[in-house]
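Participant: Below are the chains, spelled out letter by letter.
There are 2 protein chains.
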Amino acid sequence: MPQDPIRPTDAEAITLAKSLIRNANFGALAVIDPKSRTPSVTRVAVGTTKDGVPVSLISDLSAHTKALRNDPNCGLLLGEPGSKGDPLTHPRISIQAQATFLDKSTAQYAAIRSLYLQSHPKSKLYIDFADFNFVTLEITSAALNGGFGKAYELSPDDLI
Amino acid sequence: MPQDPIRPTDAEAITLAKSLIRNANFGALAVIDPKSRTPSVTRVAVGTTKDGVPVSLISDLSAHTKALRNDPNCGLLLGEPGSKGDPLTHPRISIQAQATFLDKSTAQYAAIRSLYLQSHPKSKLYIDFADFNFVTLEITSAALNGGFGKAYELSPDDLI
Chain A
1 MPQDPIRPTD AEAITLAKSL IRNANFGALA VIDPKSRTPS VTRVAVGTTK
51 DGVPVSLISD LSAHTKALRN DPNCGLLLGE PGSKGDPLTH PRISIQAQAT
101 FLDKSTAQYA AIRSLYLQSH PKSKLYIDFA DFNFVTLEIT SAALNGGFGK
151 AYELSPDDLI
Chain B
1 MPQDPIRPTD AEAITLAKSL IRNANFGALA VIDPKSRTPS VTRVAVGTTK
51 DGVPVSLISD LSAHTKALRN DPNCGLLLGE PGSKGDPLTH PRISIQAQAT
101 FLDKSTAQYA AIRSLYLQSH PKSKLYIDFA DFNFVTLEIT SAALNGGFGK
151 AYELSPDDLI
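Residue numbers (the numbering used here), protein chains in the order written: chain A, 1 to 160; chain B, 1 to 160.
It is worth saying that the hints were derived from the structure and are not from the lab.
Keep in mind that this is a model prediction, so the values were computed, not measured.
Even glycine gets a Cβ: it sits at the ideal position worked out from N, Cα and C.
Mixed in with the good hints there might be a few duds.
[What the hints assert, rightly or not] Pulled from the structure, derived: some chain B residues nowhere near chain A, Cβ distances all over 12 Å: (1) 25; (2) 36; (3) 53; (4) 84; (5) 141; (6) 157.
[Claimed, not checked] Cβ-Cβ distance ranges computed for the label pairs, FRET-style: (7) 107(B) - 104(A): 34 to 44 Å; (8) 100(A) - 107(B): 48 to 58 Å; (9) 66(A) - 110(B): 35 to 45 Å.
[Said to hold, decoys possible] With a Cα cut of at most 16 Å, we get these calculated EDC-like pairs of lysine to aspartate or glutamate: (10) 35(A) - 71(A); (11) 124(B) - 51(A); (12) 66(A) - 131(A); (13) 122(A) - 86(B); (14) 18(B) - 128(B); (15) 122(B) - 157(A); (16) 35(B) - 153(A); (17) 104(B) - 86(B); (18) 18(A) - 157(A); (19) 150(A) - 12(A); (20) 35(A) - 131(B); (21) 66(B) - 153(B); (22) 50(A) - 153(A); (23) 18(B) - 51(B); (24) 18(A) - 71(A); (25) 104(A) - 60(A); (26) 104(A) - 128(A); (27) 124(A) - 12(B).
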């Protein structure tokens, strides 16, 4: 039988995981397609709240928004390889999360909007369009892959 | 009401979609986590069969392999942005697929293995490990995003 490939979580793993989340500008979002009940994965812009909870700014025109309104359980892959090096040894984190659509009239929305404009300045062109909404992606669990043979399982308490 | 953002499929869209699949070296694979029933998305190496069906070489040690053995419905995002330019305007294709684990004793396996070694030469270090298997990812539907405002829905017949 193969050995369990998961390493014990240590401070270095937590630091790497947090930095992958904080530094993400975009990622791959997985949702359940309401029609086919199959997972569907799309590229979305990603920021964070001041506490490091991932957020995304998504349009009602997109299939992933319709899917999240139907079922808020989702996955998010962060840590994009550049054009150099082996993408499979580049560190990344696979998050399982619950999406919550935010009320545009709240102070929380204003705070997230302000932070997001700093990390995604081009979004000022559409951030206030009626069909765009912020969702927070509250982490329920996460798997960190720090490169070949460096796998960790992390809890929300490790990350926020 | 917002307009339907999906454009009619044309030859240019089909050519772009096929090239995103044929040229993919890796991608984001979404599966259903058997424990949490939540979508989970991980980075995997991706090749194709000679007919352009996506394939991946995955290890029994990984969570996505266990998930696919439990439920073969999956999603695959191909078309990775480099380190330059806006990742959200970079063309990508979101595929819904059914994973099939291949029998290692078949001619099909040998043909896929041979093609994969050409596109992923480093995989010769582990391609024949007992815990590694090829899966084909038979496309059931696909959404092409060719950049802002360029969305198409494609069928398997468009792509293979």
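Participant: Now tell me if each hint is right for this structure.
Facilitator: Comparing the hints with the structure gives:
For residue 25(B), the shortest C-beta to C-beta distance to chain A comes to about 7 Å, within the 12 Å cut-off, and the non-interface label is violated. At the 12 Å boundary, the C-beta of residue 36(B) falls inside the reach of chain A, the nearest C-beta of that chain being 6 Å off. Listed as outside the interface, residue 53(B) is consistent with that label: its C-beta sits roughly 17 Å from the nearest C-beta of chain A, beyond the 12 Å cut-off. Separation of residue 84(B) from chain A is inadequate, the least Cβ-Cβ distance of about 8 Å not exceeding the 12 Å criterion.
Some Cβ of chain A comes within 12 Å of the Cβ of residue 141(B); the nearest lies about 7 Å off, and the non-interface call is violated. No beta-carbon of chain A comes within 12 Å of the beta-carbon of residue 157(B); the shortest separation is about 17 Å. With their beta carbons about 58 Å apart, residue 107(B) and residue 104(A) fall outside the hinted range of 34 to 44 Å. Roughly 50 Å separates the CB atoms of residue 100(A) and residue 107(B), a value that falls within the hinted 48 to 58 Å.
Hint check: residue 66(A) to residue 110(B), Cβ distance near 42 Å, so the stated range 35 to 45 Å holds. The suggested pairing of residue 35(A) with residue 71(A) holds, with an alpha-carbon distance near 12 Å, which does not exceed 16 Å. About 43 Å separates the Cα atoms of residue 124(B) and residue 51(A), which puts this hinted pair outside 16 Å; it is violated. At most 16 Å may separate the alpha-carbon atoms for a hinted pair to count; residue 66(A) and residue 131(A) meet this at roughly 12 Å.
At most 16 Å may separate the alpha-carbon atoms for a hinted pair to count; residue 122(A) and residue 86(B) meet this at roughly 10 Å. A threshold of 16 Å between alpha carbons decides the hint, and for residue 18(B) with residue 128(B) the separation of about 29 Å lies outside it, so the pair is violated. A distance of roughly 37 Å separates the Cα atoms of residue 122(B) and residue 157(A); the hinted pair therefore is violated under the 16 Å criterion. For the given pair, residue 35(B) sits about 14 Å from residue 153(A) by alpha-carbon distance, which is consistent with the 16 Å threshold.
Using a Cα cut-off of 16 Å, the hinted pair residue 104(B) and residue 86(B) is violated, with the two alpha carbons roughly 41 Å apart. A C-alpha spacing of about 11 Å is found between residue 18(A) and residue 157(A), which places the hinted pair at or below 16 Å, so the restraint holds. A C-alpha spacing of about 11 Å is found between residue 150(A) and residue 12(A), which places the hinted pair at or below 16 Å, so the restraint holds. Distance hint between residue 35(A) and residue 131(B) is unfulfilled; the C-alpha atoms sit about 34 Å from each other, more than 16 Å.
Only pairs whose Cα atoms come within 16 Å are accepted, and residue 66(B) paired with residue 153(B) is rejected, the gap being roughly 30 Å. Proposed proximity of residue 50(A) and residue 153(A) is contradicted: the alpha carbons are some 23 Å apart, above 16 Å. For the hint pairing residue 18(B) with residue 51(B), the CA-to-CA distance comes to about 11 Å; that is within 16 Å, so the pair holds. For a cut-off of 16 Å, the pair hint linking residue 18(A) to residue 71(A) is broken: about 26 Å separates their Cα positions.
For the hint pairing residue 104(A) with residue 60(A), the CA-to-CA distance comes to about 14 Å; that is within 16 Å, so the pair holds. Taking the CA atoms of residue 104(A) and residue 128(A), the gap is about 10 Å. The hint holds against a cut of 16 Å. Taking the CA atoms of residue 124(A) and residue 12(B), the gap is near 31 Å; set against the 16 Å cutoff, the hint is violated.
The structure is inconsistent with the numbered hints 1, 2, 4, 5, 7, 11, 14, 15, 17, 20, 21, 22, 24 and 27, although it conforms to all the rest.
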